[in-house]
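Protein chains: 2
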Amino acid sequence: MPRLYVLVLSGGAGTRLWPLSRRDRPKQFLELLGERSLLQDTVDRVAEFVPRERIFVVAPPEHRPLIHEQLPELPVDHLVVEPYPRGNAAAVGLAMAALAAFDPDAVVAVLPSDHVVGDRAQFRKVLIAATAAAERGHLVTLGITPERPDTGFGYIEAADRLDIEAPVEVRAVKRFVEKPKRDAAERMVAAGGHYWNAGMFVWRVEEVLRAYEKHLPKTAAAIAALRDAIGSPRYESVLAEVWEETDRTTVDYGIAEKADNVAVVPADIGWRDVGSWARLAEIVSKADNWASGDLVAEDAHDNFVWAPQKTVALIGVEGLVIVDTPDALLITTKERSEDVKTVVDRLKREDREDLL
Amino acid sequence: MPRLYVLVLSGGAGTRLWPLSRRDRPKQFLELLGERSLLQDTVDRVAEFVPRERIFVVAPPEHRPLIHEQLPELPVDHLVVEPYPRGNAAAVGLAMAALAAFDPDAVVAVLPSDHVVGDRAQFRKVLIAATAAAERGHLVTLGITPERPDTGFGYIEAADRLDIEAPVEVRAVKRFVEKPKRDAAERMVAAGGHYWNAGMFVWRVEEVLRAYEKHLPKTAAAIAALRDAIGSPRYESVLAEVWEETDRTTVDYGIAEKADNVAVVPADIGWRDVGSWARLAEIVSKADNWASGDLVAEDAHDNFVWAPQKTVALIGVEGLVIVDTPDALLITTKERSEDVKTVVDRLKREDREDLL
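Chains as they are written, first to last, in numbering that gives the first Met the number 0: chain A, 0 to 355; chain B, 0 to 355.
Calculated from the structure, these hints are not laboratory results.
Check before you lean on any hint, since a few could be wrong.
Given that identical chains are not distinguished, each listed pair holds provided it fits within a single copy or across any two copies.
Pairs of lysine-lysine, DSS-like flavour, derived with a Cα cap of 30 Å [what the hints assert, rightly or not]:
#  : residue 1 : residue 2
1  : LYS124    : LYS285
2  : LYS333    : LYS285
3  : LYS124    : LYS178
4  : LYS347    : LYS309
5  : LYS347    : LYS173
6  : LYS340    : LYS124
7  : LYS340    : LYS309
8  : LYS180    : LYS285
9  : LYS180    : LYS309
10 : LYS285    : LYS340
Here the structure is a predicted model, which means the values were calculated and not measured.
Next comes chain A alone, as it looks inside the complex:
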C-alpha cells in the first residue's frame, strides 16, 4: 500500500470504563485484553503493513508522556498535539495539516484507538480496498457489518457498488443515519446494505482538505495557517491562536455526512467497540463468570469481575459488573453499565477530582 499513512486518534475520556479509566489514563491506555493496551493494539495492527514512520497519533497534551511510554518507537514529530478538545473534526484537521506538510500526496487511514479488531487479515484487505477508493478521490468510511440491531451506533446506508478493483467491494454511500430507535435499527439490519459507523476513514489528504474548505471553512482556514507554520518556531503560537477558531464538530457530522464523494467499504473484521463494561464483558469471554483474577463463585452466574489484585467471592448474584481499583469500587449490572457515565458526571459536578 504505497503512500498509506495512519492517523491514530487518541482523544476521548472513555468515562464509561470508570473507575479503571481516569482522566490521566483513559481507556485506550489500559491493558484490558492482554499485555498490550488498546492504543498499542491499534498500532500493532497496522504496523504489520504500514512502516512505523508513516504512523501518526493525535492526542491532547496531558497524554504526551503516556503515549511516548506506550509507543516508544513513535517519532516525536509524529505525535500531533491538540491543545484542548474541540471535537474530532478539529483534531483530525490539525493532523491533516501535519500530514500534508510531511507528504502532500499521502493517503491516510484515520483510526480510533479504542476499538478491537478480531480479523486482522480481513482488516488489511479492507484497508487495501479503501486505499484504492481513496486514490480515486473518495472519502472512504469503513462500514462494520452489523451483528445485531444495535441502537448504540450510527448506521451507513450503502448505495451501488463502485467500479473499483479491490479485494473487498467498495460502495457509494446513500446516507448516514444517527443512532436509531430499536425498530429502525431492526429494519436496517433486516434489509441489509446498512453498516455500523465506527468512525474509521481513509482518504487522500488533499481530498479531505478540499472537503474541510467546502464544509468547515473556519477549520480549513486554521489548517491552512498551521500548514504554513509547521516546522517553524511560530507553530505553537499559531496553533494557540487558530485553535479556538475551529468548528466544534465531528468528522461524521461536519464532513462525511455533507460530502458527496463518500464511499463505504463493508468491513467484516471482527470489530468490537469497548464502549462499556458490558461490551468488554462480551469481548473477553463467553464463560459463565469472568474474572481478571482469583474468583470463588457459589451459585453465581454471568458476572464480570475486574479486580486483578484480589480474590473475589460471589454468592447468589447474576449479571453483575464489578470493577475494583485502589480508590474506587463499581458495582452495577451489565444492563446498566453504560450509566457509569452518570456517576462520572456526578463526580465532576461535585469536584471529586481525585476520582476522575
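Go by the hints and put chain B onto chain A.
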C-alpha cells in the same frame, strides 16, 4: 450485685463475617459498630456495674495478644486459655475451675462476646434478677424476647413464674427447642412464653460444677484436676493432659437441657446477634443504602457496603452485601449472606490459608 463475676466467651471463628473476620481476627475483635470492638463493648457493658477485677475472659491461645491489646486492664490471670476448641462446655468448665479457685462462692454471668445489647439499663435489671435466681440455686439462662419467628435460633419455653423478688420476672424452664422449622417458630412466637436462646447464663459456680459432675462427668473430672493445679507450676501440664478428656459439647446441650434447676429471665434488652452480614446490616441502619465510607448510589436500594477505604459506586443494584478488604472482596445478597460460610469452607478445603 455482690459476688457477681463475668466470664466473657471469646472463642469462635465468626466465619460468616468473612472476608473481614479472619482466623487471626474473628468478629468479636472487629470494630463493626463504632470505635470499640464487639468484645470491648461486651466488657464495657458489664463494667458499668461489675468491678474490673471480677471480669474474666476465656479464649484460645492465638488470641491472647489481641485480647490484651483490646482489654489492657484485664489482669493476666483473668484470661483463661483453652488449648484448642472442644465446644464451649469444656471452655466454660475450664473457666469455672479458675473462678472456683478465685472465689468458691462466686455467682458468674457467662456472656458471648459477639452480641449487641441496645438497652443497657434493662440488661442490668435482667442480670440483677438472674443473679437473685442464681443465688437461690438456679442455673439461669437469659431468654431473648423474640421479635420475629426466626428459624436461626434455638428457643426456650418458659413454665411458671418463680417466687423470686427481682426487678424482672424469673420463670422456670419447661424445655429447650432446637432451631425450629418455620411453622414451629411461628407457633411459638404467636403463643408467647417462648424466648430465643442466646447462650447467656448466670449461675453459682458450685451449682454449675455439680451439674457438670452429674451430666458431663469427664469434663467435671478435668475441672477438678485443674482446680487443684491452679496457681501451681503443674497447671499447664495438667491442662494439656486433661483437655483431651473433656466432653465435646456445648453448655446448651450438655448442661442446660439436662439440668432440672434451670430458670429463665425474659430479656427484652435490644439484643442482636451479629451472625451474618445481613444481620449486621439490620443493626447499623434502616437507611436505603448503608456504607461504611463514601458512597455514590444511582438507582440503587437496600444495599450494605463495607469498604471503609474507598469510594463505592452502585448503579441499578438492590439488596446486595458488598465487603471489601485489601486481599478479598465479597459480593452477595442479604438473602444469601449466611452462605459466606460455604465460601470459607471451600477456601479451607483448598488450603487457601492466606484468605482464612
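Going down the list of hints, with the structure as the test:
1. LYS124 with LYS285: For LYS124 and LYS285, only the intra-copy Cα distance (28 Å) is at most 30 Å; the inter-copy one is 61 Å.
2. LYS333 with LYS285: Both: 14 Å inside a copy, 28 Å across copies.
3. LYS124 with LYS178: within (27 Å within a copy, 70 Å between copies)
4. LYS347 with LYS309: both (28 Å within a copy, 17 Å between copies)
5. LYS347 with LYS173: Classified as neither; 40 Å inside a copy, 64 Å across copies.
6. LYS340 with LYS124: neither (36 Å within a copy, 56 Å between copies)
7. LYS340 with LYS309: both (25 Å within a copy, 19 Å between copies)
8. LYS180 with LYS285: So LYS180 and LYS285 pass the 30 Å test inside one copy only (27 Å; across, 41 Å).
9. LYS180 with LYS309: neither (41 Å within a copy, 38 Å between copies)
10. LYS285 with LYS340: Classified as both; 25 Å inside a copy, 29 Å across copies.
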